[in-house]
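Spelled out, the chains give:
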Amino acid sequence: MRDAVTLAKSGTAQGIGAFRLAMIRLVAVLTLLTGTTYVIWRWGWSLNLDFWWISVPLVVAETYALLDGALFAITVWRIKVRGPAPPPAPDATVDVFITTYNEPIDVVESTARAAKAIRWTHQTWILDDGDRPEMKAVADQLGVGYLTRSSDWQGKSRHAKAGNLNNALFQTTGEFLLILDADQIPDPEILERMLGWFEDEDVAIVQSPQWFTNVEESDPLGSQAPLFYGPVQQGKDGWNAAFFCGSNAVLRREALMQLGIVGYVRETERTVRHALVVSRQVLGRAQRSVGRDGDPVVRAALAGLRGSAADALARIDAGEPVQSVSWDFQQAVDATSRSMVSADLAAIRADLAEMGELSTLDETGEDPTDEEAVRRLADPQWSPLAAVERVSTLIRTVDVDRSQEALPVMPVSSLSVTEDMETCMLLHSQGWKSVYHHEILARGLAPEDLGTMLKQRLRWAQGTMQVLLKRNPLTLRGLQLGQRFSYFATMWSYLTGFAALAFLSAPILYLTMGVTPVKAWGSTFLAFFVPYFVLNQLLFALVGYGTKTWRGQQYTLALFPIWIRAMTTAAANVWFGRPLDFSVTEKRRVASARFPVRLIWPQLAFMAAMVLAVLAGVLHLVVPEADQFALGEPPTLWGVGINVVWVLYSLVVLSVIVKAALYRPSTSVPANSEKEQ
Amino acid sequence: MEFVETTSDKGVVIAPQGKFNLVNAPTVKARIDELVSGGASRIVIDLSGVSFIDSSGLGALIGSLKSARQARGDVRIASPGEQVRAVLRLTNLDRILAPYETVEDASRGW
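Chains as they are written, first to last, in the numbering used here: chain A, 302 to 978; chain B, 14 to 123.
The following block holds chain A by itself, in its conformation from the complex (with noise of 0.2 Å):
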């Protein structure tokens, strides 16, 4: 554990070697080379389309991992290795911020007393989103600031970590804020190690490593990320797309607050517009069903609101600000309302009665800024006073204050469970910069077990494919072509639970069903396969050199179920509004014995089947007669030989799952305790 903290402050002194860096991009570009003519030759020549329902997946897949490695090789190619930062401006000023919801007290008292050690003038917040009186009492004894949500919060949708950093924001007044997770104890010289790269204007994020101490070290839940948290880190930042990480980052409040006033521009303009259309539309269906023989006052405050609306709608795409557009349609239709109860008082009465057994739009629960729900609301035949009612409180729910949500600005952004990646990026769309300072600065606590660590990736995946869905970095305005790549390596990244499926598939069926995916295994095979598996590994030795790699590469595989499920689900809930079984992380293990069977099964019946296949490719040749039972060819001596080479690879990559459900931490004293000197 020391020595890669020692690794890691070590690495900010010097910057890459240029032989080093020379020789990544050397190996890159063969990498590249041989994978190209791999994967052309697997297409082209040695496709076995008897067999296309496995053969093609499976080139698709090879195809997929080439780009893969393509996006991996421009990560990795502009590599920033960084030295300390410059001195900061004296007198910046600090707000210090701990999110936490349900972690233990203790846990929470650990880090903000250290955070209020920090040797720089700030101010330490305790932001609770569970509101425990016990936490509070705690931030008092400490002497530190506590916040939990304020009024404007109630009956309001809260957006999680997203709502609560939010929320802390408009109550405090630092320039730049520390944001830490509950368990991440401060170094006290966090603040001196990064502020200074503020001095540079436009950077907006510094972000530094995570580092797990209750982790052992052979690290069998793979916590640490050393690949990313290093090489992968540092070539985004080369191209300016360092990640913001949720914790152990400082941010400038600037950069925020204009991100949430941009956010809040987009969003107003487009949902009072919608209001006004659907306005429109449900003072159509009122007139319609008022007819021709209808009260002519009714019938003239109709048209004329209804006007209103399309004119307002008029001014608002010729460019006229919303706040007096809105202001003006809200006049009208309180006008309208008065004009309306002194028409007619009957109509009233059985107006009223409907209105009774109708909620109104906030009783609903609905979304307003959800147009589909909006839709609906425009659905039913309205009576004409209804209507009014209807458009009057629509118009205020959906309004320049926008209403709908707790607070109108929300500079951290809420579309996805992963707030940290999708405000990085929006940031990055408005031109300012982010820094990965690569200094071990903060030290917290991993998940212990299995369940609670699988959660957690889930959740990683599940927001980064949310991200990708709703503000695909491809397209979305005022990105740099490198930082599009580098927000989408992460997010292709996911999609390798699918590639998983054939490249575990194909050799279980050689071997045991002689179903051949490849016209020929055999030299020529190895000839073009060799190379480039030999150079894609060596890349990734040379890019990880020092670092332990194996772990994260064994878990890409292993987790194959998660990412699976984690593209599922997010598109699910983009696409069709489904629910994403969202859960906050449990930093504290859940005791329990029994093997976890049901949440690794996927593995574990990959993993049997493979064993048999490899018995069944040895009888193969063992036992000429049990050829009949081969849909294709009979196996062949090369064939059987580079399919059990390849299932036996994969037998060791996906044990790291055995290993892992079998792991039982050693002690039960919350790791913080042994905090390095």
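None of these hints come from the bench; they were simulated from the model.
Check the hints yourself; a few may be wrong.
To be verified - Using 25 Å as the maximum straight-line C-alpha spacing, the simulated SDA-like pairs for lysine to any residue come out as follows:
id, chain 1, residue 1, chain 2, residue 2
1, B, K23, A, D629
2, B, K42, A, R567
3, A, K771, A, R574
4, A, K756, A, R567
5, B, K32, A, G475
6, B, K42, A, S625
7, A, K734, B, K42
8, B, K32, A, E476
Go by the hints and put chain B onto chain A.
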């Protein structure tokens, strides 16, 4: 923060002076919230004395607008200087909250 407050039958005019930023804006916002809850919800913010505004200042303007609108009133901004105009343009906020040339223009019709 220093600001001048004048009340007439056309509403309240608040004229902040100097920097309208993360340090000073909350004071003005708090005063407007107080006015609104006291029943005075038609407010003009005279920006002619503001030398500098940041995004937190803009956030306070939007927050004030929200308070006033919920009380069926309005907050309007008037006579900003060059820097304020530039920031309103840069953030696109002038799409929603466009400045009036003078305080009288802002409160016309009240």
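Here is what the structure says about each hint:
1. B:K23 - A:D629: holds, 17 Å
2. B:K42 - A:R567: holds, 23 Å
3. A:K771 - A:R574: Holds, because 21 Å separates the two Cα atoms, which is no more than 25 Å.
4. A:K756 - A:R567: Distance ~34 Å between K756 (chain A) and R567 (chain A) Cα, so the pair is violated.
5. B:K32 - A:G475: holds, 16 Å
6. B:K42 - A:S625: Since the Cα atoms of K42 (chain B) and S625 (chain A) sit roughly 21 Å apart, the hinted pair holds (cutoff 25 Å).
7. A:K734 - B:K42: violated, 30 Å
8. B:K32 - A:E476: holds, 15 Å
Going through the hint list in order, the structure does not satisfy hints 4 and 7.
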